[in-house]
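Model the placement of chain B on the given structure of chain W, informed by the hints.
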Amino acid sequence: MKHTLSVLVENKPGALMRITSMFARRGFNIESLAVGPTERHDVSRITLRVDCEHHSLEQIEKQMHKLVNVLRVQELAPGESVERELALLKVAAPASKRTELMALAEVFGARVADLGPDSIVFELVGSPEEIDSFEELVRPHGLQELGRTGRLGLARATRSQRPRSSQQVMV
Amino acid sequence: MKMNGADAILRCLEAEGVDVMFGLPGGAILPLYDAMARGTTVRHVLARHEQGAGHMAQGYARASGKVGVAVATSGPGATNLVTPIADAWMDSTPLVCITGQVRSFLIGTDAFQECDITGITIPIVKHSWLVQDVGELPQIMKAAFHIARTGRCGPVLVDVPRDVQEAELDFSYPDSISLPGWKPPRRGHSRQIAAAAQAVAAAERPILYVGGGALNAHATDELLALAESARLPVVTTLMAKSAFPESHELHVGWPGMHGPKWSNWALNKADLIIAVGARFDDRVTGKVSAFAPGATVVHLDIDAAEISKIRHADIPVVGPLKPVLAELTKVIEVTEGRTEPWLHQIAEWREQFPLRYREEGELLKPQKVIEALQELTAARGDLIWTTGVGQHQMWAMQYIECNEPRTFITSGGLGTMGYGIPAAVGAKAARPDATVVCIDGDGCFQMTQQELATAVLEELPIIVVIVNNGYLGMVRQWQDMFFDERFSQIHLTQTLPDYAALARAYGGLGFTVENEEELYASLREALASGRTCVIDARVDPREHCFPMIPAGAAALDLVEFPAESEVPTL
Numbered sequence: 001m002k003h004t005l006s007v008l009v010e011n012k013p014g015a016l017m018r019i020t021s022m023f024a025r026r027g028f029n030i031e032s033l034a035v036g037p038t039e040r041h042d043v044s045r046i047t048l049r050v051d052c053e054h055h056s057l058e059q060i061e062k063q064m065h066k067l068v069n070v071l072r073v074q075e076l077a078p079g080e081s082v083e084r085e086l087a088l089l090k091v092a093a094p095a096s097k098r099t100e101l102m103a104l105a106e107v108f109g110a111r112v113a114d115l116g117p118d119s120i121v122f123e124l125v126g127s128p129e130e131i132d133s134f135e136e137l138v139r140p141h142g143l144q145e146l147g148r149t150g151r152l153g154l155a156r157a158t159r160s161q162r163p164r165s166s167q168q169v170m171v
Numbered sequence: 172m173k174m175n176g177a178d179a180i181l182r183c184l185e186a187e188g189v190d191v192m193f194g195l196p197g198g199a200i201l202p203l204y205d206a207m208a209r210g211t212t213v214r215h216v217l218a219r220h221e222q223g224a225g226h227m228a229q230g231y232a233r234a235s236g237k238v239g240v241a242v243a244t245s246g247p248g249a250t251n252l253v254t255p256i257a258d259a260w261m262d263s264t265p266l267v268c269i270t271g272q273v274r275s276f277l278i279g280t281d282a283f284q285e286c287d288i289t290g291i292t293i294p295i296v297k298h299s300w301l302v303q304d305v306g307e308l309p310q311i312m313k314a315a316f317h318i319a320r321t322g323r324c325g326p327v328l329v330d331v332p333r334d335v336q337e338a339e340l341d342f343s344y345p346d347s348i349s350l351p352g353w354k355p356p357r358r359g360h361s362r363q364i365a366a367a368a369q370a371v372a373a374a375e376r377p378i379l380y381v382g383g384g385a386l387n388a389h390a391t392d393e394l395l396a397l398a399e400s401a402r403l404p405v406v407t408t409l410m411a412k413s414a415f416p417e418s419h420e421l422h423v424g425w426p427g428m429h430g431p432k433w434s435n436w437a438l439n440k441a442d443l444i445i446a447v448g449a450r451f452d453d454r455v456t457g458k459v460s461a462f463a464p465g466a467t468v469v470h471l472d473i474d475a476a477e478i479s480k481i482r483h484a485d486i487p488v489v490g491p492l493k494p495v496l497a498e499l500t501k502v503i504e505v506t507e508g509r510t511e512p513w514l515h516q517i518a519e520w521r522e523q524f525p526l527r528y529r530e531e532g533e534l535l536k537p538q539k540v541i542e543a544l545q546e547l548t549a550a551r552g553d554l555i556w557t558t559g560v561g562q563h564q565m566w567a568m569q570y571i572e573c574n575e576p577r578t579f580i581t582s583g584g585l586g587t588m589g590y591g592i593p594a595a596v597g598a599k600a601a602r603p604d605a606t607v608v609c610i611d612g613d614g615c616f617q618m619t620q621q622e623l624a625t626a627v628l629e630e631l632p633i634i635v636v637i638v639n640n641g642y643l644g645m646v647r648q649w650q651d652m653f654f655d656e657r658f659s660q661i662h663l664t665q666t667l668p669d670y671a672a673l674a675r676a677y678g679g680l681g682f683t684v685e686n687e688e689e690l691y692a693s694l695r696e697a698l699a700s701g702r703t704c705v706i707d708a709r710v711d712p713r714e715h716c717f718p719m720i721p722a723g724a725a726a727l728d729l730v731e732f733p734a735e736s737e738v739p740t741l
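If you read the sequences in order, they're chains W and B.
Sequential numbering from 1 applies to the first sequence in our numbering.
Sequential numbering from 172 applies to the second sequence in our numbering.
Chain W on its own, in the form it takes in the complex:
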């Protein structure tokens, strides 16, 4: 089963490496990973997507908690979080196909980031599933290059702020 983890870490050298090294060493696979700043200059947020059983997820959370730079580990449960991803897609676009591609882009709310004589670079922000769909639809037109950021997530504004951390699970 797939899980999204949101991890707050101290913005210190090596913090990301300590986390990824722990995953590698304990035999857990990371499907996607996004890192960036938060509202606090000394804290970064890492959003991780992992595919594992519940038992392994618990181990992952606990092992991450033991890392000195890790401040908080929270699972973003589906339905209780907002998850977004940014994708850039370069699609072959001869003049004859442009109208069709533009129409497709409009349905998904994708922006044209760059336009060349033979291709278009689309920029799409959406849920990872939306990006999957858009990717699938443009692929037959000739998807030349694709880059995705990996998902970012936050708990929903409507949800209480209490994090589901292993320290609170394990009494």
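Take the hints with a grain of salt, since some may be wrong.
[Said to hold, decoys possible] Just so you have them, the derived chain B footprint on chain W, three or more residues with Cβ under 8 Å:
| hint | stretch |
| --- | --- |
| 1 | 17-23 |
| 2 | 68-80 |
| 3 | 150-157 |
[Unchecked claim] Only pairs whose alpha carbons sit at most 25 Å apart, straight line, appear in this in silico DSS-like list of lysine-lysine:
| hint | chain 1 | residue 1 | chain 2 | residue 2 |
| --- | --- | --- | --- | --- |
| 4 | B | Lys-237 | W | Lys-66 |
| 5 | W | Lys-66 | B | Lys-493 |
| 6 | B | Lys-480 | B | Lys-493 |
| 7 | B | Lys-354 | W | Lys-66 |
| 8 | B | Lys-458 | B | Lys-480 |
| 9 | B | Lys-440 | B | Lys-237 |
| 10 | W | Lys-2 | W | Lys-66 |
| 11 | B | Lys-237 | B | Lys-313 |
| 12 | B | Lys-313 | W | Lys-12 |
| 13 | B | Lys-354 | B | Lys-480 |
| 14 | B | Lys-354 | B | Lys-313 |
| 15 | B | Lys-313 | B | Lys-173 |
| 16 | B | Lys-458 | B | Lys-440 |
| 17 | B | Lys-354 | B | Lys-237 |
| 18 | B | Lys-480 | W | Lys-66 |
| 19 | W | Lys-66 | B | Lys-313 |
| 20 | W | Lys-2 | B | Lys-480 |
| 21 | B | Lys-493 | B | Lys-313 |
| 22 | W | Lys-12 | W | Lys-66 |
| 23 | W | Lys-12 | B | Lys-354 |
| 24 | B | Lys-480 | B | Lys-440 |
| 25 | B | Lys-354 | B | Lys-458 |
Derived by calculation from the structure, the hints in this document are not laboratory data.
Even glycine gets a Cβ: it sits at the ideal position worked out from N, Cα and C.
Below, chain B without anything else, positioned relative to chain W:
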């Protein structure tokens, strides 16, 4: 107070109450050694190899209960510390390693003796720092000691570029530091402890399964109180040997691959296992799915990640063992006599399945060497034992009796051959009053023998008893039992080197013994000498270590003793 970074490191060590450090100088750590020459209250023990320095720091930590300190230079000096760091990580030994690094502006250029030691050690340290600003040194040193000894103990590494050691700072040692991501549990949850107490009170066949965490937590008194008040039998793992007095009627041996049958049966036939700072290691459980099939598990540990990692814990209690055990003892409602039938059953098994070996033939038996050591030291009460890794280590577990905490120091999790000699030197530095004996194998001895020079010159005398069978004995045992006697690359020979002559070359006393008479005579002389001694006990190389749980087998299917027809051949 103005000083340079190197002096500041020493002032930090002094402020932390460090009395001994172990190390070996080199280019990138020169400023720190220069600062030592200017003066410090911390004794420096000069090892002959950085691996030796690291294991000495481990031996010191395990014998004293304090944080061990090892110092090395950059590059190869630092990489030589990797084995002790990995060992300390597996066995949760508190260790602060200080390494020199090339000057800051050279980092990343493949400079002479440069290596990314913080990168190399990431999977085997609790935390590490590459010090980039001399002003941060006091906070980092404070954090290093704090992290090494709080929560689950373990190694940390501080890598200090040479220019940072030479840079000036206005030194003051901080009283406190902020570590927002480091919050080890301070107490166990009362409701969980109450649930554990109920489980203990209700159990017919409870057992305390004690690991090294009990020693790290300084919780041996509380452990004894719990066992005695609730009349609970106790098994102690390799890491916990000496955490509970082995002569105590409630001590029922040690579980695992070469543990006695009665101990393994007691643990595996229990209806309640109370794990105390133990981690259900594969060498203890055997086949996990068949381990203690009828037992409910109470797991007491400071490390939440150990809970249900291997075996599901029905009642976990995460917290420091000292207060957790004390509270548990207080709240258990003991029914008098409840565990007596169970204790009686275990005693019966003990009588039925004693440890034994064949005492036939001309050759000295390895088990006899350990028995003789036990016999001659039983009345002394000043012994600290260290071991290497292999058959001799298992025999030491079987035949040495430890009644005082921190008197048996061995490499458990990593299984580091060569651990014994340097660990003995470190233990002697921690406890100069003790008689420190390293029970070693001939293979192990040859991995770290150079530290005999350290023992002699630093006046830290140790006694090394080599159970010399001329083979990598444990490998031989496995090739014999599981690889159809295809012996491959295990023969070291019993006579080369001449260990007694080697001991004399290092300025110690050397003995070669081939029979019981010589054995007793040389052991007596060594124990009375107060000098560094090596006793080369040439033993029967055919002897295997039994009982044994074959790898991958269930613990209950342990092979107690082979039938006559299965006498191993050479």
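Discussion item. For the stretch 68-80 of chain W, count the residues whose Cβ lies under 8 Å from any Cβ of chain B; is that count three or more?
Written reply: Check passed, 4 qualifying residues.
Discussion item. B:Lys-480 and B:Lys-493 were given as a pair; does the straight-line alpha-carbon distance stay at or below 25 Å?
Written reply: 22 Å, holds
Worksheet entry | Holds or violated: B:Lys-237 to B:Lys-313, with C-alpha atoms at most 25 Å apart | Between B:Lys-237 and B:Lys-313 the Cα gap is close to 15 Å, so the pair holds against 25 Å.
Discussion item. B:Lys-237 and W:Lys-66 were given as a pair; does the straight-line alpha-carbon distance stay at or below 25 Å?
Written reply: 21 Å, holds
Worksheet item: Hey, W:Lys-2 versus W:Lys-66, does the alpha-carbon distance stay inside 25 Å?
Response: It holds: about 23 Å lies between the C-alpha atoms, which stays within 25 Å.
Practice prompt. Compare the distance between the alpha carbons of B:Lys-354 and B:Lys-237 with 25 Å, and conclude whether the hinted pair is satisfied.
Written response: 20 Å, holds
Worksheet item: Can the restraint linking B:Lys-354 and B:Lys-313 be considered satisfied, given a maximum Cα separation of 25 Å?
Response: 15 Å, holds
Worksheet item: Taking 25 Å as the top limit, are the C-alpha atoms of B:Lys-493 and B:Lys-313 close enough?
Response: 24 Å, holds
Worksheet item: Quick one, are B:Lys-480 and B:Lys-440 close enough, alpha carbons at most 25 Å?
Response: 21 Å, holds
Worksheet item: Given the hint that B:Lys-313 pairs with W:Lys-12, does the C-alpha gap stay at or below 25 Å?
Response: 17 Å, holds
Worksheet item: Given the hint that B:Lys-313 pairs with B:Lys-173, does the C-alpha gap stay at or below 25 Å?
Response: 19 Å, holds
Discussion item. Please verify whether B:Lys-458 and B:Lys-480 have alpha carbons no more than 25 Å apart.
Written reply: Distance ~15 Å between B:Lys-458 and B:Lys-480 Cα, so the pair holds.
The structure shown violates the earlier hints numbered 3, 9 and 25.
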